[in-house]
Amino acid sequence: MSRAYGNAADIPKVYSPAEVESRLYREWEERGYFRADPDPARRPFTIVIPPPNVTGALHIGHALDDTLQDVIIRFKRMQGYGALWLPGTDHAGIATQNVVERELRTQGLSRHDLGREKFVERVWEWKELYGGKIIEQLRRLGASADWSRERFTMDPGLSRAVRKVFVDLYDSGLIYRGNRIINWCPRCETALSDIEVEHSDHEGVLEQFRYEFEESPQPSGKGSGSVSVATTRLETMLGDTAVAVNPQDERFAGAIGRFAVHPFSGRRIEIIADEAVDMEFGTGAVKMTPAHDPTDFEVAERHGLDKISIMDGRARINEAGAQFEGMDRYEARKAVREALQNKGLYEGSTPHNYAIGKCSRCGTIVEPWLSEQWFVSMKPLAEPAIAAVKQERTRFYPPRWTNYYLNWMEGIRDWCISRQLWWGHRIPVWYCDNGHQWAAMEDPTECPECAGTQIHQDPDVLDTWFSSQLWPFSTLGWPEKTEDLDYFYPTSVLVTGYEIIHIWVARMMMAGLRFMDEVPFEWVYIHGIVRDAQGRKMSKSLGNVIDPLELIDRFGTDALRFSLVEHATGQDIFLSTEWVSGSRNFVNKLWNAARFVLTNAGDETVEGMPDPERLDLSDRWILHRLASTVDEVTSQLESFEMASAARSVYEFIWSEFCDWYIEAAKVRLSSDDPEVAGAVRAVLVNVLEQALRLAHPFIPFVTEEIWQLLPVTREKPSIMISQWPSSDGRYADPAAEASFGRVKTVVSTIRSFRSEYGISPKARLVPSASSDDAGDRDALQRDRPLISRLAGLDDLRVVGSLGSSAGARLIAGSIEISIPLEGLVDVAAEGQRLRRQIDKTGKEVAKIEAKLGNQGFVGRAPEAVVAEQRRRLEEEKAAVAKLQAQLQLLGLD
RNA sequence: GGGCGUAUAGCUCAGGGGGAGAGCGCUUCCUUGACACGGAAGAGGUCCGAGGUUCAAAUCCUCGUACGCCCACCA
73 MSRAYGNAAD IPKVYSPAEV ESRLYREWEE RGYFRADPDP ARRPFTIVIP
123 PPNVTGALHI GHALDDTLQD VIIRFKRMQG YGALWLPGTD HAGIATQNVV
173 ERELRTQGLS RHDLGREKFV ERVWEWKELY GGKIIEQLRR LGASADWSRE
223 RFTMDPGLSR AVRKVFVDLY DSGLIYRGNR IINWCPRCET ALSDIEVEHS
273 DHEGVLEQFR YEFEESPQPS GKGSGSVSVA TTRLETMLGD TAVAVNPQDE
323 RFAGAIGRFA VHPFSGRRIE IIADEAVDME FGTGAVKMTP AHDPTDFEVA
373 ERHGLDKISI MDGRARINEA GAQFEGMDRY EARKAVREAL QNKGLYEGST
423 PHNYAIGKCS RCGTIVEPWL SEQWFVSMKP LAEPAIAAVK QERTRFYPPR
473 WTNYYLNWME GIRDWCISRQ LWWGHRIPVW YCDNGHQWAA MEDPTECPEC
523 AGTQIHQDPD VLDTWFSSQL WPFSTLGWPE KTEDLDYFYP TSVLVTGYEI
573 IHIWVARMMM AGLRFMDEVP FEWVYIHGIV RDAQGRKMSK SLGNVIDPLE
623 LIDRFGTDAL RFSLVEHATG QDIFLSTEWV SGSRNFVNKL WNAARFVLTN
673 AGDETVEGMP DPERLDLSDR WILHRLASTV DEVTSQLESF EMASAARSVY
723 EFIWSEFCDW YIEAAKVRLS SDDPEVAGAV RAVLVNVLEQ ALRLAHPFIP
773 FVTEEIWQLL PVTREKPSIM ISQWPSSDGR YADPAAEASF GRVKTVVSTI
823 RSFRSEYGIS PKARLVPSAS SDDAGDRDAL QRDRPLISRL AGLDDLRVVG
873 SLGSSAGARL IAGSIEISIP LEGLVDVAAE GQRLRRQIDK TGKEVAKIEA
923 KLGNQGFVGR APEAVVAEQR RRLEEEKAAV AKLQAQLQLL GLD
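For the numbering used here, count along the first sequence from 1 and bump the result up by 72.
To be clear, the hints were calculated from the coordinates, so they are not data collected in a lab.
The structure displayed is predicted, hence computed values, not measured ones.
For every residue, glycine included, the Cβ atom is placed at its ideal position computed from N, Cα and C.
Treat the hints with care, as some may be off.
Unchecked claim - Quick list of the computed label-pair ranges, beta carbon to beta carbon: (1) Gly654 - Gln492: 27 to 37 Å; (2) Ile572 - Arg626: 26 to 36 Å; (3) Arg626 - Glu200: 29 to 39 Å.
Stated by the list, open to error - In silico BS3-like links for lysine-lysine, alpha-carbon gap of 25 Å or less: (4) Lys738 - Lys85; (5) Lys949 - Lys912; (6) Lys661 - Lys816; (7) Lys949 - Lys923.
Generate the whole structure from the sequences, applying the supplied hints.
Below is the structure:
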């Protein structure tokens with residue numbers, strides 16, 4: 073890989089990502105580091121990307137989803153797996169067709185002007201021209217995907233998989249054609265599946281009118297000359313063929329079996345009884361429009377009612393609508409209302425809130441519409457997919473999504489897969505003039521039953537998700553038996569947002585089990601949705617869309633990635649740009665830490681670690697901390713605790729390596745003894761090198777850039793293919809952690825004192841320190857230079873006893889410090905501080921005493937917990953005593 | 001009508017049976033040779049409410065309240 077700077081002195085103070093990112097990404101790609109091939113010596117680890125729409129641009133949701141995948145795949149690659157991240161795009165039937173149709177419209181054309189063949193050609197052209205955009209944008213994100221395996225759902229291979237699956241399901245009777253009520257989008261002019269309809273609450277009205285019976289009222293029945301019904305879609309009354317009441321409903325007992333007359337069509341409307349009717353709602357009598365309402369359709373099936381469709385594909389009233397023919401559905405609603413009023417049949421309206429279904433692609437209100445469509449029977453496919461999750465062959469993280477998946481699967485309904493579009497996989501079913509119908513892998517020239525040559529293919533295409541559901545194996549070569557398929561399937565983890573568990577994840581489970589006889593993935597890792605800082609969903613119409621590319625331009629890819637992962641806790645993410653600038657600061661902090669290490673490291677290559685006896689307390693501490701961090705981050709990444717993993721890396725680099733170790737290292741770096749200085753350099757370089765590897769999956773660019781500059785011998789030419797750090801236990805050193813903790817406490821205590829009294833950093837300060845414990849005193853003596861340096865002291869005198877020397881007395885754990893006050897401090901202020909401190913510590917003492925006084929606690933709590941509390945009590949009491957003594961010393965008591 | 005999630009510092013959120021945490025913001029100080037995209041110190045919290053379990057609850061359980069989300073063919 074290339075090195076950007078000849079020598080360390082040339083490294084700029086501020087890291088600038090733009091140039092680094094494009095250069096490094098190009099090199100990684102050219103060197104083939106993203107590529108994964110079946111390798112029996114390695115265990116496979118596979119992720120298939122949730123394929124973005126080919127028409128799409130990278131939005132912040134992709135940025136999160138794909139960053140998480142990249143973190144995982146980089147981690148696994150470094151761990152030595154045969155790690156494949158397979159990228160690609162989805163043809164996105166309706167979405168793409170809409171985009172191209174919109175473009176045509178600007179030229180005053182519709183798809184019908186071009187004709188099917190020309191239109192589809194046009195979409196392909198469009199796809200070639202603009203479709204690759206999102207893939208380029210993924211590269212900017214640093215995605216280490218194997219581009220040599222990039223797939224598109226309409227590639228020849230994947231199309232073959234679609235056909236194979238269709239034919240198989242058709243031949244097994246699991247795909248069938250039926251005349252049913254489906255969700256129809258009058259704007260897209262196609263059927264939609266249930267999942268593609270979005271429901272939202274709507275403040276509407278319930279309108280009431282009456283049907284009058286054709287014969288005269290029976291003498292006994294009061295008000296039985298008519299039956300009143302209520303509806304939210306008044307225009308559908310044009311297709312009414314009956315009125316239903318509940319058989320238990322005594323109000324209508326005499327009406328059942330009688331007939332009313334339709335005021336416009338003149339049809340006879342029978343009053344029927346059916347359990348589906350809720351007696352409590354509306355008037356208790358329901359108008360039946362079997363061609364425009366799913367419930368009515370079912371009732372009609374049971375009672376053999378006529379199903380009269382009153383609308384065309386654009387939701388305009390057809391010839392069945394008598395004088396309303398040609399009107400739009402909402403025009404018709406108004407016109408029907410007026411006509412009913414004129415006839416004296418309209419009985420008014422009441423406000424009524426109900427859910428309204430809209431096309432998820434264009435927002436048009438969906439019309440339940442009777443039409444001939446293709447369906448997949450889902451129950452037989454769902455059963456194995458339910459079992460597989462119950463048996464934990466596929467597991468969800470976080471686990472709560474398991475129930476979400478199961479609940480949906482257990483209530484699954486048949487899937488309408490035909491779309492009246494032109495862009496997509498054409499349904500491989502043919503019809504001959506003799507009425508035969510069959511599905512075929514290859515385009516036929518004659519009917520297999522009657523050998524007739526007058527045949528035609530079904531005009532519809534398949535729902536986009538029909539091909540997406542095959543993605544985990546169609547992309548690896550299925551239905552061919554390929555080496556890839558053998559090695560990389562089943563995939564290891566699917567990373568996605570919860571909003572597509574039903575529409576995609578569940579279907580992949582079913583397809584994988586049916587056609588591969590194995591689950592498609594071992595894990596489903598579900599993350600939240602990225603929203604704006606106010607928690608609103610991002611949408612173009614709200615104008616609150618955060619463009620990830622803009623953030624990358626402003627703060628760098630690493631900064632964006634880090635912010636996203638740091639907040640990937642499983643909850644929705646309310647992204648604010650301040651976070652990204654914070655992460656940018658972190659990247660810059662690392663950059664500058666590296667600058668320090670490099671300017672001090674010299675030109676000589678660092679060969680491994682210094683001898684253990686050369687290690688100073690701070691060395692042992694940072695190596696111990698590094699080892700724990702390695703363990704922590706590894707286990708966090710392995711269990712999908714991505715945000716915690718990012719935090720651990722951040723904490724280690726900033727709060728430990730930068731804040732303490734580098735500062736501590738400065739003392740010995742200027743040592744006259746070259747061995748001492750050399751040891752510090754070696755530790756600095758080694759710790760930094762490992763920290764870079766730990767951080768690499770999160771912030772790949774800056775870590776690579778620095779890694780290339782380090783004076784170390786490397787086994788690999790790039791950090792991205794280097795080995796993931798492991799803690800071999802050699803540097804685990806709890807004693808060092810405790811000792812260095814003491815140093816930190818002493819330093820912080822002195823710093824607080826200085827800050828609180830506004831003592832200038834330049835003031836000469838030579839405190840005395842002591843402890844009841846001789847070991848403490850020895851350690852203090854040893855760490856004297858370190859403490860002095862970090863706390864900004866001229867020196868620290870370690871004494872056997874502080875005696876009654878004048879000065880401020882500070883308590884730092886088991887260590888007592890005395891700082892001469894002459895000319896430095898306002899004694900009254902110090903008195904106040906001490907009193908506050910005594911008060912605070914005194915409360916703590918009372919709390920612990922109460923706890924220890926509780927018999928249940930001493931009798932039943934674990935011994936270690938009790939001992940710990942006793943120890944704390946003594947410590948706090950001693951602190952109070954010392955503070956009080958100090959107060960006395962100042963003459964303030 | 002079902003189901004789920006969330007309530008912790010001014011803001012955004014981690015955490016989680018035994019000493020309340022981070023980032024940002026705020027206050028004070030520091031242009032000390034890695035970094036002002038920085039350093040040091042600090043202020044600021046009945047961890048939503050009420051019960052329960054426990055020696056011990058911010059943490060577990062129940063109920064409630066508020067907010068958010070998903071599913072659903074009540075005309």
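Structure-based check of all given hints:
1. Checking the proposed 27 to 37 Å range against glycine 654 and glutamine 492 shows it is violated: the Cβ atoms sit about 50 Å from each other.
2. In this structure, isoleucine 572 and arginine 626 meet the distance hint of 26 to 36 Å, their C-beta atoms being roughly 30 Å apart.
3. Remark: the range hint 29 to 39 Å for arginine 626 to glutamate 200 is upheld by a beta-carbon distance near 32 Å.
4. At roughly 19 Å between alpha-carbon atoms, lysine 738 and lysine 85 fall within 25 Å of each other, so this suggested pair holds.
5. For the hint pairing lysine 949 with lysine 912, the CA-to-CA distance comes to about 12 Å; that is within 25 Å, so the pair holds.
6. Of the supplied pair hints, the one linking lysine 661 and lysine 816 holds, its CA atoms being roughly 21 Å apart against a limit of 25 Å.
7. The straight-line distance between the Cα atoms of lysine 949 and lysine 923 is roughly 15 Å, inside the 25 Å bound, and the hint therefore holds.
Violated hints amount to a single one, hint 1; each of the other numbered hints is respected by the structure.
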